[in-house]
Amino acid sequence: MPDRIRHRRRGIGDRRAAGRGDGGPWWAMPASPARKTDLRVAVAGNPNAGKTSIFNALTGQHQHIGNYPGVTVEKKTGRVQRDGISMEVVDLPGTYSLSAYSIEEMVAREFVLKEKPDVIVDVLDSTNLERHLYLLLQFQEMGIPVLGVLNMSDEARAMGLEIDDAQLARILGIPFVKTVGHRGEGVRELIDRLVGYARGQVSLNGRRINYGRDIERRRAELIEELATDPVFAESINLDWLAIKLLEDDDDAVRKVERGHERAADVLAAANQARRRIERAFDESAPVVVAEQRYAYIHGAVKETVRRRELRNRIDLTEAIDRVVLNRHAGLFIFFAVMFLIYQVTFALGNPLSDLIDRGFGNLAAYLAGVLPPGILADLVVNGIIGGVGGVLVFLPLVVLLFIGLSLLEDSGYMARAAFVMDRLFHMFGMHGRSFVPFMIATGCAVPAVMSARTLVNPRDRIITVLVTPLLMCGAKSPVIAMLAAAFFPERSGTIFWLVWLGGWLIAFAAALVLRNTMFRGEAAPFVMELPPYRRPTLSGAFTHMWERAWMYLRKAGTFILAASVVIWFLLAFPRPAEEVGAGLDRERASARDGSPAQIEDVAADATVSAHVRNSYAGRIGRFIEPVMEPLGFDWKISVALLSGFAAKEVFISTMGIVYGIEETDADVEGNSERTPLKQRLVNDPAYSPAAALALMFFVLLYVPCMAVMAVVWKELGAWRWTLFLAVYTFAISWALAFAVYNVSLFFGLGA
Amino acid sequence: MLIGRLTESLEDYLEIMYRLLQTQKVVRVRDIAREKDVKTSSVVSALRRLDKEGLVDYKAREYVDLTEEGRDLAFRVYQRHTFLKRFLIDFLQVDPATAEKDACSMEHAISLTTLERIASMSEFLSCCPEVERGLVDRFRDRWLAHLNSDSCECVKAAKDPEVRVHGDGEMQRLSTLREGEGGVVARIVADDEMRQPLIQRGVLPGASIHVVHRERNGEFEVRVSGERMKFDRRQSETILLWSRDRWRTGNGVPTDPSVSRTLADVTVGRAFRVRKVTADGEIRQRMVEMGFVRGAEGRILREALLRDPLEVELGGSRLSLRRVEAAGVIVEELGA
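If you read the protein sequences in the order shown, they are chains S and A.
Sequential numbering from 24 applies to the first sequence in the working numbering.
Sequential numbering from 11 applies to the second sequence in the working numbering.
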């Protein structure tokens, strides 16, 4: 280690000796004795440019995943060491430009402006240089040194494109490196160039694009106007800001409003400049600026890219699209693909989940036997293990779903699926991409909410996140199946299906209502790229999966653990007389060992029931009973519903505790065979089929389980929305259950 | 000399002189000044110019006369005037004062080709035996007075507030469309008072309309041939639209590819060249990023199940966009 440090020091000394004092990156670095960074690199690029593969190839396993401050955009950082140069690499979100319309763009832009990385590595898709150079030009405009990466150079070659990178470098004034990201080709050379830059051997100061006489004159005038506030002028790149003002960029305007002491004059000047451009070109100023950029790029590409016509080359993407996006077949293929992913996930995931569940059950039983009976044992067994188990049970589903989804995303199909589904979702005020969370939510709302990240527009994302938990998920279905089987033995299938359908209809209706009330305004654009089909790499899928799994475990885990302890506390306290409590623990422990029949004893029943009744949960249940009474629910159901917040299927076991019965696995599976709990529910005069029907809808719609709440909080980054979700789902469920209950009573289901 | 060589105003002087000469023996400068409502000095300078062209005989005296060539030109302009005015009044039912004014400006500007076609149309309407007798009368009495008569099927259909018939060849009211849907203006069912503001804003038969947004108060935000407009509820109820296909194939109106249209109106499979992006805000930004700039060429590859969204190839890559977004791009169609 000391060796390395000395080596690095020597490296820096070399560079100093080389005597390039013109703003080399290391000057700006604060001297940090802990970990010295010689070069701060930001990897940028359009979506689908292969940015992630370049980032992974650069940093290998040395990655750290976090968030950009204040927003839920992932920030991946990594480190590279080479020849004594230590680089910190940040992965910027994929964007097409640096306008201020999406969070990703804002994040990328703020990062570049505020953090001022020493170098931007801009990853370009060699098969589509014109579009991708647009972003590169914008970075150059910001005055940041840029290194171009001509990624997917193998594909370009296969398409008959020959790119003269030396010529391109001459035109744009910066070096380019050809790479094949997923194979790691060219990455060594890329690092060499970065090291060369750090040592001052490579210049990355590109040419400044000339927008033509008219625009340049307006820009010069604006810069003059901006420079009247020297403090402001010092803080920002005026060249860039002037162009952005000509482009009528909201964020640039805001920057002037906030920071410039003569803001009104500057903005008036900008307005006038725009009007003049508009008059001169008969086109709005932002479009003129963009057109000039494209004209510049067009010229550069024309001089550097030669296209050989290849004979007999089949356009694979078109061939696949012809089938997959066929007006009629497209929909079926979409459903088939989603069905497949869904089937594989739940076929593989459910046994794994069960395994985890059983493992925790055994652990609990073991600990219950080992630990001295009492409050500690109860906390560990029912609180902590129950909570941790509750988190881990979802893990296989999260992992598998995200493998599947990232394979779809990387192959290019996901954008197509959005294309197929957009019309339907758009009718309900959502975006084509909302279909992913919807499909997943029929299995589990946790990964569904996490997958809503693919929605770029915050409004679409929030709506989708808020309505997907209304769908019937894997945890609600056993509860509803059990109730349907108990109260409607003849028609349980139909009833179940009806409730399932209700979930979909209400979710769509809720989306429509939200869109027309709280989230009004013009729809987010659907103008998006349909990337060419590419073979997804397994390593990419696994990296993606690992990130998601880790995030879920870390963020959701802490929250859920805390919440389960709270729920345990509510159910267990205040303790009844000590000996009764101990007895209860023993009974529970023996029940977990698999001898449930022994506790059919009526006396034990009464004790347990009384205990639950007197617990805080029971008190809350009785307290809210008046609220639930119009729905036909008594305090026992209220307590069970309260516990269902931990996980919806817990409803069943809590009902069991309330009635003093431990559930067997058979019930959880929702067998139609009448189990003691079902029998008791039906026999209890307090419950009617009408109440059961209302209860089914209530369970379907009421406040999502805490795992969902945790990820909603995490994903939307605001407790306001989490709280809103809880309140509005409760309101809907109450209203609907009330309606169902009364209509059912009217039709004579009261008995 | 051909019509159109001189300025409109000079042609008007000739025409006035011709008309005056039909009722009086000689023309005086102040007769012309009175007729054209200008000062005598203006008349004098105009006459000098015409004299130089050899069209009038004016020797700085009180009287003027037309030369042979001037008389010929004046006659032809006057004939056009008479024909066009008659056509406007008789066939189009324009009131005489407006017809006089419009004929006065049309007579100078109209090309011989179009004039010939108008003449043909007039012959057709009055002479062709295949045209049911009284077509013009029906146009006057029933179509123009549309909401006062039930005698015509098309008028009855338009009066029906429920008119929303799906499928090719049927019309839909703009007010029944949802966001993202669109069509081509077939007709506006309203009296002149409501029609004229709409027509003034460019809502003419054949214009494409796409609904961008429906307000709750019944206001419609639309794109009319690419440009953003707002209609109130009453207006949106009066506008009847053809489905796009019917417009292309059914009603016999040839669509010349060089006429600019929005991207939403381009037939699937056809290539196009971008003329202008009329969308604004975020959508314009996205479109520009994706390469929708003047001169860019592309092709509409396909549409999704309910004709929306579209898949477009542009500058070597594939894009998807909704029809209503495509309605914010003006293009020219390049053929298959």
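Don't read these hints as lab results, they were simulated from the structure.
Backbone N, C-alpha and C fix where the C-beta goes; we use that ideal spot for every residue, glycine too.
Do not take every clue at face value.
[What the hints assert, rightly or not] Computed footprint of chain A on chain S; a stretch qualifies when at least three of its residues, placed anywhere within it, have a C-beta under 8 Å from a C-beta of chain A: (1) 147-159; (2) 164-177; (3) 218-227; (4) 302-315; (5) 548-558.
| Within the assertion that chain A covers the segment 218-227 of chain S, do at least three residues meet a Cβ-to-Cβ distance smaller than 8 Å? | violated (count 0)
| Counting residues of the segment 164-177 of chain S whose CB is closer than 8 Å to a CB in chain A, do you get three or more? | violated (count 0)
| task | Establish whether the coverage given for the segment 302-315 of chain S by chain A is satisfied; the threshold is a Cβ-Cβ distance below 8 Å, and no fewer than three residues must meet it. | result | As far as the segment 302-315 of chain S goes, the hint holds, because 6 residues have Cβ atoms under 8 Å from chain A.
| Would you say the segment 548-558 of chain S counts as covered by chain A, given the rule of at least 3 residues with C-beta under 8 Å? | Coverage by chain A holds here, the residue count being 8 at a Cβ distance below 8 Å.
| said: So is the segment 147-159 of chain S in contact with chain A by the C-beta rule, three or more residues under 8 Å, or is the coverage claim wrong? | reply: It holds, with 5 qualifying residues against the three required.
In summary, the numbered hints that this structure violates are 2 and 3.
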